[in-house]
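The listed protein sequences correspond, in order, to chains S and Z. So the first sequence is residues 1 to 562, counted in our numbering. So the second sequence is residues 1 to 562, counted in our numbering.
Pair ranges (Cβ atoms, derived):
id, chain 1, residue 1, chain 2, residue 2, range
1, Z, HIS296, S, ASN99, 28 to 34 Å
2, S, GLU255, Z, ASN457, 41 to 47 Å
3, S, ALA556, Z, ASP271, 23 to 29 Å
4, S, SER380, Z, ASN543, 43 to 49 Å
5, Z, GLN525, S, PRO205, 50 to 56 Å
6, S, ARG45, Z, PHE480, 55 to 61 Å
List time: in silico DMTMM-like cross-link candidates among lysine to aspartate or glutamate, alpha-carbon distance up to 25 Å:
id, chain 1, residue 1, chain 2, residue 2
7, S, LYS344, Z, ASP426
8, S, LYS387, Z, ASP426
9, Z, LYS402, S, GLU52
10, Z, LYS101, Z, ASP75
11, Z, LYS429, S, ASP372
12, S, LYS422, Z, ASP220
13, Z, LYS422, S, ASP335
Source of the hints: derived by calculation from the structure; they are not laboratory data. Remember, predicted model here, so these are calculated numbers, not experimental data. Every residue gets a Cβ at the ideal spot worked out from N, C-alpha and C, and that includes glycine.
Number of protein chains: 2
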Amino acid sequence: MTSDLIPDNQLVQPLLTDLYQITMAYAYWKAGKVNDHAVFDLFFRKNPFGGEFTIFAGLEQCIKFLASFRYTDSDINFLRNTLPQATDDEFFVFLKNLNAKDVTLYAIEEGSVVFPKVPLMRVEGPLILVQLVETTLLTLVNFASLMTTNATRFRMAAGDNISLLEFGLRRAQGPDGGLSASKYSYIGGFDGTSNVLAGKMFNIPVKGTHAHAFINSFSDFAELRTRIGNRVVLNAQDIFFGSQMLQRCDSSESEDLLLKSIEYRNIIAPDMNCMVDQASDGELTALISFAVAFPHNFVALIDTYDVSRSGLLNFCAVALALNDLGYRAMGIRIDSGDLAYLSKVSRHWFTHIATKFKIPWFANLTIVASNDINEEIIWSLNDQNHKINCFGIGTNLVTCAKQPALGCVYKLVELNGIPRIKLSQDVQKITMPGRKNVYRLYGSDGYALCDLLQRSNEPPPNVMTKVLCRHPFNQQKRAFATPSRVESLLKMYWQGGNVCMPFNEWSSLEAIREKVKSSLKTLRQDHKRYLNPTPYKVSVSDNLYSFINDLWLQNAPIGDLS
Amino acid sequence: MTSDLIPDNQLVQPLLTDLYQITMAYAYWKAGKVNDHAVFDLFFRKNPFGGEFTIFAGLEQCIKFLASFRYTDSDINFLRNTLPQATDDEFFVFLKNLNAKDVTLYAIEEGSVVFPKVPLMRVEGPLILVQLVETTLLTLVNFASLMTTNATRFRMAAGDNISLLEFGLRRAQGPDGGLSASKYSYIGGFDGTSNVLAGKMFNIPVKGTHAHAFINSFSDFAELRTRIGNRVVLNAQDIFFGSQMLQRCDSSESEDLLLKSIEYRNIIAPDMNCMVDQASDGELTALISFAVAFPHNFVALIDTYDVSRSGLLNFCAVALALNDLGYRAMGIRIDSGDLAYLSKVSRHWFTHIATKFKIPWFANLTIVASNDINEEIIWSLNDQNHKINCFGIGTNLVTCAKQPALGCVYKLVELNGIPRIKLSQDVQKITMPGRKNVYRLYGSDGYALCDLLQRSNEPPPNVMTKVLCRHPFNQQKRAFATPSRVESLLKMYWQGGNVCMPFNEWSSLEAIREKVKSSLKTLRQDHKRYLNPTPYKVSVSDNLYSFINDLWLQNAPIGDLS
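Let the hints inform the model, and build the full structure from the sequences given.
Below, the structure is given as structure tokens:
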């Protein structure tokens, strides 16, 4: 077994499961079903967020879970104390010797766009074993897929030219909820995260500037101090004033950044319809302190007091002063108020200053917006022609507030070669029995036409040949497709205790992120649009249709109306 | 420092934070603010779930985080590569030597009912350090408090006599989301969880029976097999029939549970308006197999085929057969359909059988209901006079679907002894400046009257003495209270690197769970009711009112209407 594959989170272990998996295992074991061979499908029934697509993610963690699947002695002890006293001791020996060597896992490539009813994973092996891994696989797939899908939706709303940053750790559902959010947001197309640990663990770009508390922690110029080696020097000439020397970018000379900033503030205030005495000196002091620490990377939060009357003016003053010393400021962050309006005001003055002082790059300063942004708000900001370059998104992204859970299920479809069907009064909940393959049929324009489920003993559909695609339960709904390309979606990822697909090729964050992009490109725009998207068709072959419906009729008792 | 206090999750570490905490730390350090002393309040602005109360949780984990706060060498390396190249190397030496010894943490007792604007924690210490712990503290408090509050709401909906089980792991937001959900559901009044790891880590009762897959994995009697030692014996006499011996509870004799079950099924079917040939033999086979594994703990999932026509009949047959052998079945689980109706049907037949066979306990068999249950559904089931004894609750509990995030914030209120106010155009977002204490005033009936915030240098309100309670921002809203009891809510939990309150007394799950119960009892029913609850009053002293409003006027520029 590949033993160097360890899940990100040490909590991912065989006991991270529902007790009923263990009680079922015992009942199966007791009933002599140790050699029963089962096939389970993992799938969902409805796309999240009112959309018509989902991105499949979590596979890499599932493989790592399988690779490390083993009950420790302390696990066994715990189970011994948890199951009834009469439980046969031999069962615990059986559990202790269990590993995932005999599981075979087929899956769709991580990062692929996927649809309801299609098996994302087909898990085969000894009934007891494949039952024991159910809950953990679902836990690993459900949130990862939901989160990735959510991120792609934010990306589509923002467009390709906007930078998207995940800022949600503090509102996430637990530490790992936050970490998974960072990881799967990046996979779904975000550009970075504020979460430092995510940066360390996953090599995701980490971003951040300062909070309102930073601005609030300065009151006036007299507080400006300088660190020289281990000494801290109070710069103040007297109690009313201060100074803040900063070395030029291009020489060893230093100049007074405070003096320069104040001068620029006086010059530009009338242009910007501001009064200098309404701008906060504490804010200017804070921005200068930040600029001294990060002269090459100066981004300023400008809404602590008042964007139009104070923050923007102070920022521009410091940015112009920095420019005199050879540094280019990076931009601003706005965390409250009317984001579209404030971004337009900011861009307007940036452009004005760029012209006035002949520094063209000033017009293109980055404007970051945050503050409870969701998908709808981005669409609305688009309508208002916002001038934002970057969104920092927290709560609505990381908790998937619009729909906080994906409903993947894990259903037995075959046992010892015999198909199993789970009936339900709700047709949506009827499972598609038997071992199945999934094909994606593409049209000549490169877009996906539909997904086709077949029994696993059927030959794959042929390119440029008409294939009948049927609705699984509705006899009337049928259509022919003539695919230009046929892709077999389920590939074997784990067998005999080994990873089958070259792990490093598909499992890196960058690879999965690319897969998300390329996979979404094959989906027609009308399936992806925000309002009233067209459902994508998931069909079954004629053979699978008859198979399902015969089995259904065999198994369903005819009720009496009452 | 207390070094044996380790957070539940190894991901809880100093790098589980936003990068801007580190960049701010550097800017503070660079500006010589190493010895600045800050006071931060951690609080929320709005109760979740449309309610008028919140339960504070997560404190124990926060203390463990502080106790273990240290940057490792690999953390420092990562930060060195993440911050700009020009970052002063001495800063990393400073970080490496940092620990939380100089932080003082005051908090409200974990498990207490709390309200908007009240500091749940007051964190004091060196500005840089208390800023560096912000995000992690928020992450640990936000979800824990949200989850616990959600659980208490489910408990109130269900009433005290219903057993509540958390079944949500598979839909949780990540592995730790699931684990936290189990833990804080238990704290909020749930009786157990399906999550085995939660049972192992937190000593929470673990519950579970079997899934539909278990029922589906049996087709007919001929499959019944028995394990004798390491041998598995196929019981079938011929290919059409089987048998299933089970040893009596009270002697070493065995009897055929299958034969007995079939006999009972034939006897009771007409009573129950069922036809034996419409009941599933596969289901009966599965139930018998489960009963043989768990004769003392027989709970059966009865909705795989049809509750009224198959599941209930099969369950009663096996339960009666078990009773003949000296075992008492425990009950049923229903996972679909009209739960109120099906519970009433089930209870009706249980009562009928109890009378007919003179086994009174049969009338009280446990009925467990699951299937996407939320708070509203429980209230609606109550209205329908359901006969359910136990709810298994998943998605809506563990993801807090009704509101998936609590918005705790962490605001600077004092720096070097000088109060700080964060103004905002939105009055709701204005912070209450200065170091404050919080008192809860109780009336003579034992119920809480209001929470009163005071400046920390004011003497506490006196019992049986009139105290003026003011709205923090609205001059007109004032009231007198004459408390029969005054409780100081903020207690010192961490100082000088040590836990101050006896850790084992307040931090156990059981202690916090009891606190939740006792604390909620002091809250008047109208604040807790589901529909239109009355807001609980959070007031400020006259002194604090003037202090806030003077500071506000000093800091707020007078704008121009435009």
